[in-house]
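Engineer: Protein sequences, first through last, are from chains B and U. 7 is the number of the first residue of the first sequence in this note's numbering; add one for each residue after it. 6 is the number of the first residue of the second sequence in this note's numbering; add one for each residue after it.
Certain hints may be false.
As the list claims (entries may be wrong) - Distance condition first, Cα-Cα at most 20 Å in a straight line; then the derived DMTMM-like pairs of lysine to aspartate or glutamate:
hint	chain 1	residue 1	chain 2	residue 2
1	B	Lys149	B	Glu137
2	U	Lys35	U	Glu47
3	U	Lys20	B	Glu137
4	B	Lys249	U	Glu218
5	U	Lys10	B	Glu137
6	B	Lys251	U	Glu47
Because the hints were derived from the structure by calculation, they are not lab data.
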Amino acid sequence: MKKRKKMGKIETRSLNVYYGGGTVHALKEVNIKIEANKITALIGPSGCGKTTFLRALNRMNELNGVKTKGEVLMDGADIYNGKVDVIQLRKRIGMVFQQPNPFPMSIYDNVAYGPRIHGQKNRKLDRIVEESLKKAALWEEVKDRLEESALMFSGGQQQRLCIARALAVNPEVILFDEPCSALDPVSTARIEALMRELKNDYTIVIVTHNMQQAARVSDFTAFFLMGELIEFGETTQIFERPKDKRTEDYITGRFG
Amino acid sequence: MAVRKEYIEDLEKLKEEVLRMGELAKESAKNAIKALVQRDTELASRIIKENVTIDELEFDIENRCMKLLALQQPMAVDLRTIGTCMKVITDFDRISDLAGDIAEIVIRIADEPHVKPLIDIPRMSELSQGMIADCLKAFSSGDIKMLEDFSERDDVIDALFDQVRRELMMIMIENPRCIANASHLLFVALHLERIGDHACNIASRILYMVTGEKRKLE
Chain B
7 MKKRKKMGKI
17 ETRSLNVYYG
27 GGTVHALKEV
37 NIKIEANKIT
47 ALIGPSGCGK
57 TTFLRALNRM
67 NELNGVKTKG
77 EVLMDGADIY
87 NGKVDVIQLR
97 KRIGMVFQQP
107 NPFPMSIYDN
117 VAYGPRIHGQ
127 KNRKLDRIVE
137 ESLKKAALWE
147 EVKDRLEESA
157 LMFSGGQQQR
167 LCIARALAVN
177 PEVILFDEPC
187 SALDPVSTAR
197 IEALMRELKN
207 DYTIVIVTHN
217 MQQAARVSDF
227 TAFFLMGELI
237 EFGETTQIFE
247 RPKDKRTEDY
257 ITGRFG
Chain U
6 MAVRKEYIED
16 LEKLKEEVLR
26 MGELAKESAK
36 NAIKALVQRD
46 TELASRIIKE
56 NVTIDELEFD
66 IENRCMKLLA
76 LQQPMAVDLR
86 TIGTCMKVIT
96 DFDRISDLAG
106 DIAEIVIRIA
116 DEPHVKPLID
126 IPRMSELSQG
136 MIADCLKAFS
146 SGDIKMLEDF
156 SERDDVIDAL
166 FDQVRRELMM
176 IMIENPRCIA
186 NASHLLFVAL
196 HLERIGDHAC
206 NIASRILYMV
216 TGEKRKLE
């Protein structure tokens, strides 16, 4: 995979999300510009809308009959435009979830799964699998065990496998939904180091409940509360001198 | 119900201890000049002894800060408060050291009358104490209005120092037998000038603690 030029900037304009047949207004008029090749962390208490926001970025919400209004522009083009092919979109915007969720198949087949679906022929697959595993910092640990079931590996390894699987289809953006909440501190540190590596080639958005993690890894931080984007800025600014009292109350733990 | 109750109590206790240390440093500086004016060696000895208490307090406060940083991952205003505490205790410690140095001078020169009536030196001392007192008020209340004119107040102290220095030089030129006493007084004036600078440092840190902006006062 060669070095790509800066792609994958995302902008939302008056983004509103409703679910429960319109009874729950989960996101309210969210306007945000997410920079390419940066890590943006989304923080806020449970139910604040941060995961809904993350899932709006690759139209994952649609799977649950959620109504979305407003625009989500990826490199200037609205991903909610009727002409957008959702399968192609999700190829451009990969996702890694809270629980490592490898498919019950071999390491190799997990990583090759996406490229095969997108029509990749077998002779190129070996290279894609190797490069994806290398990028996910897993290659050295699994290179002699590629045919073993992914389920035989540790949680941290499985999560890196999921990252490799996301990378294999060559996305521009990777969405992380609490990627470390099921991992021990060492695996967490590995994933965080990996994210910092990956931002050179990808745009990364991460939802995390762990504020120290947001502070450690991200360049920008967005604070959500009750469906509203309260404050968005450089991570050092948000954690050292937040402008909004509500942000301050949340990050200093005086909330509620 | 406030969450993180113990943490918030620990932060409050930290601020109380810093205020206590500041108050002690201010008293030392005040008493040092009182001892000088009255040539009171007993008071001077007490100041030197109290320095130990202030040193211990500095260690204790530093430990509190390190513990909060290590265990609580403070953020935003809490982080700025702890950072400010760690910085200002150094200035308070220096102020008390300078007060101790003045006290030692008092002990050395108490036998003889001063070479001149002490007017500007007590004036410098009052001004610097006023600045420290305002720092302590601002630190405890978060009201930074009283810190705004610190640069000007420090300029007044600097000007007084220049005046004292010129005056003492003239005395030394005219009467070389006064050099010992006069040069000691010159050091006292210099120490007071330094105390004013430390007050400015402390004020800068408090401005940062309250506003999040770094601004140098000098």
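Engineer: Next, verify each hint and record whether it holds.
Structural biologist: Going through the hints against the structure:
1. B/Lys149 <-> B/Glu137: Since the Cα atoms of B/Lys149 and B/Glu137 sit roughly 11 Å apart, the hinted pair holds (cutoff 20 Å).
2. U/Lys35 <-> U/Glu47: Roughly 15 Å between the alpha carbons, so the hint for U/Lys35 and U/Glu47 holds.
3. U/Lys20 <-> B/Glu137: 54 Å, violated
4. B/Lys249 <-> U/Glu218: Holds, at roughly 12 Å.
5. U/Lys10 <-> B/Glu137: 50 Å, violated
6. B/Lys251 <-> U/Glu47: 52 Å, violated
When the structure is compared with the earlier hints, violations turn up for hints 3, 5, 6 and for no others.
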